[in-house]
Amino acid sequence: MNEHLSRQFDTDLTALRSRVVEMGGLVDEQFRRSIEALATGRALLADDVIAGDSVVNNLEVRIDDACAHLIAKRQPAASDLRMVLGVSKIVSELERIGDKARKIARAAAMVSASPDHAWIADIEQLSEGARHMLRDALNAFVRSDLEAAVAVLRNNRDFARQTSQVSNDLVQRYSRNADQVPTMLDMLSVTRAVDRVADHAANIAEHLVYIVRGTDVRHATLEQIEHEALSRR
Amino acid sequence: MNDEQKKPDPSTLEKKAAALALNFFYGQKQALKNINLPIYDRKVTALIGPSGCGKSTFLRCFNRMHDLYPGTRYEGQIRLYPDDVNLLDKAVDPIEVRMRLSMVFQKPNPFPKSIFENVAYGLRIRGEKRRSVLMDKVEEALKNAALWNEVKDRLDELATTLSGGQQQRLCIARSLASEPELLLFDEPTSALDPIATASIEELIHQLREKITILIVTHNMQQAARVSDFTAYMYLGDLIEFGWTDDVFFRPKEKQTEDYITGRFG
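Protein sequences appear in the order of chains A and B.
The first sequence maps to residues 3 to 235 in this note's numbering.
The second sequence maps to residues 139 to 403 in this note's numbering.
Keep in mind that the hints were calculated from the coordinates and are not lab data.
Note that beta-carbon positions come from the ideal geometry of N, C-alpha and C, so glycine has one too.
Some hints here could point you the wrong way.
Said to hold, decoys possible - Estimated spans, in silico, between C-beta atoms of each pair: (1) F402/B / L46/A: 36 to 44 Å; (2) D12/A / N357/B: 18 to 26 Å; (3) L373/B / Q77/A: 46 to 54 Å; (4) Y207/B / N4/A: 30 to 38 Å; (5) L158/B / S233/A: 26 to 34 Å; (6) P188/B / R64/A: 31 to 39 Å; (7) N60/A / E278/B: 56 to 64 Å.
Stated by the list, open to error - Here are the computed lysine to any residue pairs in the SDA-like style, where the Cα-Cα straight-line distance is at most 25 Å: (8) K281/B / V271/B; (9) K145/B / S233/A; (10) K390/B / D12/A; (11) K390/B / K105/A; (12) K390/B / R98/A; (13) K171/B / D227/B; (14) K105/A / R84/A; (15) K145/B / A231/A; (16) K105/A / D14/A; (17) K91/A / T223/A; (18) K392/B / R137/A; (19) K281/B / L296/B; (20) K392/B / E24/A; (21) K392/B / Q182/A; (22) K171/B / P250/B; (23) K105/A / E149/A; (24) K392/B / T223/A; (25) K245/B / L206/B; (26) K392/B / S146/A; (27) K245/B / S316/B; (28) K153/B / E319/B; (29) K145/B / H221/A; (30) K390/B / E149/A; (31) K281/B / M237/B; (32) K75/A / P188/B; (33) K390/B / A115/A; (34) K145/B / R180/B; (35) K105/A / D12/A; (36) K392/B / G43/A; (37) K171/B / I377/B; (38) K392/B / K105/A; (39) K75/A / A334/B; (40) K390/B / F11/A.
For reference, chain A alone in the conformation it holds in the complex (with noise of 0.2 Å):
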């Protein structure tokens, strides 16, 4: 794309660009840690997670902002407005993410109480499928790259079947043991709170297709999306 005849107008779309990245690296690492605190059962690691939130809070409010501002200023049009609105979607994206991470960070302390390590397994495998999403879609949104894009969507359907085997597992073990089933309810949460994670990588997936092509695909299927997005113009 070539350049503005305003520079600052450059300057500030490559500034609102760089801080969705940055926001995206937060909540990756507050995800990332929220897990490691729920395997090991580090109390201070959840409660640093959950204080964290608020930066996260603020970064969403920060950068919608910033595309507020740049709106009243530049009334950009065509691709820059796809951008400017592709942004604010993507940080409530990358925000109801951070909030998962803080809910995980809750049930930590409960769920360490009585270590169901098989589980604990699966999570961890669970949330670095999800990471990768997070990170693919992000990379994705940087490079333009709407065949990243599509493959973050396919990922994602993938995915959901995995964490709803685990959901299931869990289900099967615990339901006869009545004792058990606050635990059973705290760990399907969390399982819950992963999936959902992978599901708002896929949602910034999908504002990307709506940056790039100026189609909304929110509520398409797959195939209409890879469609939308991968055919030539």
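For this one, chain A is given, so just place chain B on it according to the hints.
Chain B alone, transformed into the frame defined by chain A:
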């Protein structure tokens, strides 16, 4: 997917006019190159593009203003509907053409006459002498130009005593009084302040219910605000034409994208 963004296929709309394979030359220099552009009935069509792209030249073909200068030459046609006459046909009298079309210029150009006489001018030329008819038509035109309330008690004052924005609305009223089929605006707000500009834009919004409008503007946001269709021109070529919503949100051509996002240069 995106059902709400789907707009009717323009080919189903009624046309008020259409440029067909239109070329235009200032001497040897070709200023318009094979322009094919429909002007849809009771829609606002905006022409945008950098200086020298041919947008004003194109607009001036409609009322044969180029006929006033030697060495200019038209090829192709501009057809006016529903009677399907070629405005550029040598057999068509330019004066006739200008009676059916009306142009509002960049700078307000009221005649040094009273407000009333400015608006009544076109009617008088056509031989209307009855005071009551003139009065009714002037009042209607001034109301349609959203100026009536400001001038109704001072119709005999000189038009040049009005503010710039009022003068421009007076020129629009003068155009409307002769009941044109197509209203041509050549940068109608570039000499006006933001308040006067907003009032003209609001007026365009109201007028489009009754009349077809073709507007040339340097102000891209104005094109985005007031028009239904946008045509982007560059160096005499028509680069892109489509619904304004599409042209400003996801243009098909990279050249259009670069221009409307301020990357042109």
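Unmet hints by their number, sorted upward, for this structure: 1, 3, 11, 12, 14, 16, 18, 20, 21, 22, 23, 24, 33, 35, 36 and 38
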